[in-house]
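One letter stands for each residue in the lines below.
Number of protein chains: 4
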Amino acid sequence: MRAERLAPIRRRYPAVKATAQLDEVLRDPQVDLVAIATPVDSHRALAMRAIAAKHVLVEKPLTRSIGDALALRDAARRAGVTIFVDHTFVFTPAVRKMAEVVAAPDFGRPLYYDSVRVNLGLFQQDVSVVWDLAPHDLAILHHVTSGRVPARVSCTGVAHFSALEDIAYLTMLYDDDFVPHVHVNWLAPVKVRQVLLGGARKMLVYNDNDPVEKIRIYDKGVSLQGDDPAATPLLMEYRIGDMTAPVLPTTEALKLEVEHIAACVLDGATPLCGIEAGIGVIATLEAAQRSLERGGTAIEVVIPA
Amino acid sequence: MRAERLAPIRRRYPAVKATAQLDEVLRDPQVDLVAIATPVDSHRALAMRAIAAKHVLVEKPLTRSIGDALALRDAARRAGVTIFVDHTFVFTPAVRKMAEVVAAPDFGRPLYYDSVRVNLGLFQQDVSVVWDLAPHDLAILHHVTSGRVPARVSCTGVAHFSALEDIAYLTMLYDDDFVPHVHVNWLAPVKVRQVLLGGARKMLVYNDNDPVEKIRIYDKGVSLQGDDPAATPLLMEYRIGDMTAPVLPTTEALKLEVEHIAACVLDGATPLCGIEAGIGVIATLEAAQRSLERGGTAIEVVIPA
Amino acid sequence: MRAERLAPIRRRYPAVKATAQLDEVLRDPQVDLVAIATPVDSHRALAMRAIAAKHVLVEKPLTRSIGDALALRDAARRAGVTIFVDHTFVFTPAVRKMAEVVAAPDFGRPLYYDSVRVNLGLFQQDVSVVWDLAPHDLAILHHVTSGRVPARVSCTGVAHFSALEDIAYLTMLYDDDFVPHVHVNWLAPVKVRQVLLGGARKMLVYNDNDPVEKIRIYDKGVSLQGDDPAATPLLMEYRIGDMTAPVLPTTEALKLEVEHIAACVLDGATPLCGIEAGIGVIATLEAAQRSLERGGTAIEVVIPA
Amino acid sequence: MRAERLAPIRRRYPAVKATAQLDEVLRDPQVDLVAIATPVDSHRALAMRAIAAKHVLVEKPLTRSIGDALALRDAARRAGVTIFVDHTFVFTPAVRKMAEVVAAPDFGRPLYYDSVRVNLGLFQQDVSVVWDLAPHDLAILHHVTSGRVPARVSCTGVAHFSALEDIAYLTMLYDDDFVPHVHVNWLAPVKVRQVLLGGARKMLVYNDNDPVEKIRIYDKGVSLQGDDPAATPLLMEYRIGDMTAPVLPTTEALKLEVEHIAACVLDGATPLCGIEAGIGVIATLEAAQRSLERGGTAIEVVIPA
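Protein chains in written order, with my numbering: chain P, 290 to 594; chain U, 290 to 594; chain Z, 290 to 594; chain Y, 290 to 594.
Each statement offered as a hint is correct.
All copies of an identical chain are treated as equivalent in the list; a pair is satisfied when it fits inside any one copy or across any two copies.
Dumping the calculated BS3-like pairs for lysine-lysine here, alpha-carbon to alpha-carbon at most 27 angstroms:
id: 1; residue 1: K480; residue 2: K386
id: 2; residue 1: K306; residue 2: K343
id: 3; residue 1: K343; residue 2: K544
Because the hints were derived from the structure by calculation, they are not lab data.
Build out the structure end to end from the sequences listed, making use of the hints.
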């Protein structure tokens, strides 16, 4: 941290210790966990230093490569500390409700997850829109699918103003027919934060811009009449039922996240967004990046053991 | 046409001649143009018969392959008749306004076109969602870009219930950095018909579900401060101005289309959606189909001379 | 009917008999019911002639005065025919669902009904906005309350361009604390058709502009903790639960209305919108008119026996 | 202030002096202005004490009666201090834009102002919904009309749960045909904050819930063809043009208000929301209260000299 940033912080939060020296923090016996909120390229080195002494919370995206992520995992294992990845959306009441709806048996098998995450700016200096915005959806997906990782990713995108893509489209292909897709865009005239999530027996819309009814559950479904998908004519059955917007708690996600991390550190609870979630997201991003460079060719997502 | 369908039509529209015999229509000297609204697979054969005697209007998609489309073009040239493709959206006041906005010099160069065209059902029997819904956007794009055809297409999608895809994503890559993307889906719980269209100096949202304000023009733009896209830090300039929803005429698209076709047939006007538009759309669909089968690998769009 | 209007109708609907002579219709033994869709001022005289021979369906508003409405009722009783009032909204799936929700025991007592029914134009030539648009809400209210009539009405409004009010507000005061209010306006820049309907234990929003989710039911309520409304501090309990938008049939209201009328005429079913509904609406409108002329002073709604 | 509230404030804002003694504040030579944010019933007495020594900012509503408001005005005049009324909405960018649009010559004469200000809760302990929510609209109206006060007010409402009305409707009648109306409601299932404002040549919608496009200006108007409002048929001319949502500054209202008050106190600027605005609002509320008690009879708004 630049030293000139310390004075205003000390003035505003006089009860808080502020320092520009990581070592001071690492030596402080009162500190259990170090949060790393710095440019992505510095995550690996800073986290490595912190892991030696403390638990660590790292901002998303965890690292720039799957290799770095695995190195952190191994170091943390050896040091016996826990790495948390700051996937804040996972702690929002809306995403928790989404996970609950998808896990319920009446949702049917998940068919697709379609996210639009677009707005005007802000262009990042160090990462493209893929690495800036897509981690939110990949983290949500990791959580909602109980830790599944896509088999392959196809990604297209364009860098209109610099070397970094400002618009991109990711299609995640799973081993079954679940197909998530994410549209990320820094050039949109309106802010959209909307997910369509289709199951065989229920469907869901998650509109994060809606101040109250963020989750809408549709009792709608499609099924094949008869068992033969090759039958002609194809007889589809549509079920159109009620829509429900469940009441959501108004608790702030960050508060829930901090409480959860405290429970993990102090009481040994299992992290919701630990290193495995971080690795799943980074492996997917890395494959997306390679696909982008090859014009959309699907790239396998590989997580070395 | 099945003969049993004739009676109710004759009862309801007694002034209209109804027949199940194409030849009767083709022999009728009062008929200038034959409209073909049949399953796609029959388009080529029926149009070929009609071309010998009449001008022809063919429903979208024009044909199942670029080869068929070219064969129709050549036959029509030899017969001296005109082929119209029923790209109805091109005649809507909203799409006309969109074309006008994009063509104006203050729009800047087009950066992207992002369309979401989703709803629940109806599953088609003979074509996938790509061939059913994407032609609308490809036709709009052909019109709005004054006839440009993408260089390559990347397409991903999944067939959840039959052999035909029910959800698909197409990215069109142009020779410059214009990047259209289309999301088509028969499995969505809500009906969305929305296009985001970004230019370097203006942006536009086309919401076809809005009964009145279908087009919203945003006086927003992004530009690089300085000329060096490799500069660090990257200095982006955002312009945020007013939004305008222009008043649109309420004329029905079908009425405008029919009047336009009459003007072409009777007075020799140039077709807005002639065989060239049809060929551009079919060539793109064919490339998309091949990309879909190869997991998203970008496929060149080729139109043989 | 003006005779020159007959020709185009005959051309378009050749199976339909068209005449400009009411007597011809009244003499026709194949006719069971005469529908009167003419300017309001002619309703009484035309209906009186028709009643002598046929059942009658009269467009809303039934008449210009409660006296005329009662005269029609008496004449119909003597002639043994039925009068139907064309309160089409009562036959929409949305209003039927609304009535069902309000009647259910878990709705609690109705607290208020607040309707906004505004748009730009069309100015009527013969009636103010009160007599043009408010009948829709008064008819819905009559249906939803199972035939209750307000005790008093307070109405304010202004005529900006002619002698006829173009904006008006009606408050209906019932003997209990149910309080409907209607805002009608020909001068609004946007079209709004929205009703808020509050019960003690559930609440409802009816948005007729929403193509699909016209009815939204909120599991929300307010109640007093303890029994003493004079207690200080007042302890209110808010219940905030889920919102549900029930699926509605897509049947056209006019079709349901015609079927219902046929069932009444042919099979003796009880009319949903008979003369009593018409009288309730007209008595309320007449009181509203008098209140309007007196600057909002509440006027009693009186229905002579 | 209760003394036990001081400790947490001191802990959180250590740089701020906190005291439970008004006299300490009034004696402090560094204090120029005292802000009174207490229950309404205490406003008069506290403001009277403060006026003797300081400028005063009073929360809305200023007082419980026009008599109290005039007493404050007279005391402030004698003491040579300024009273500010905390009409925060007047300092929002949206309301400032609204005032600017209405004042422009192309708006035409204002025809109506229709506000819906409803939500679920919070029931106030000391004032009805009229005194709680209507002051916002009355303050906006006072500002937008450059200080006009209505001639008469008609108000209806119902107290469903206590002695205080929880739903109410106010119609303000001006000497010309401008007619504002305000719907305030603590029992609505959804939060609405919307104003329709109609001029003879332009119209405006102010939706305070919209995070970005709070103001929409419609280039729409109605006029009489010919000059004779008694002509039959009445020929109305409707002009339907574009809609524009002007970009609004994102400055916080409270910041602008504080800066404005500082400019008044330190540099002698003229208060936007001074005692005259407070008196206009309170006189209107008092008339509304009396109308409410008389079932909607219009009551004159009187401001004693």
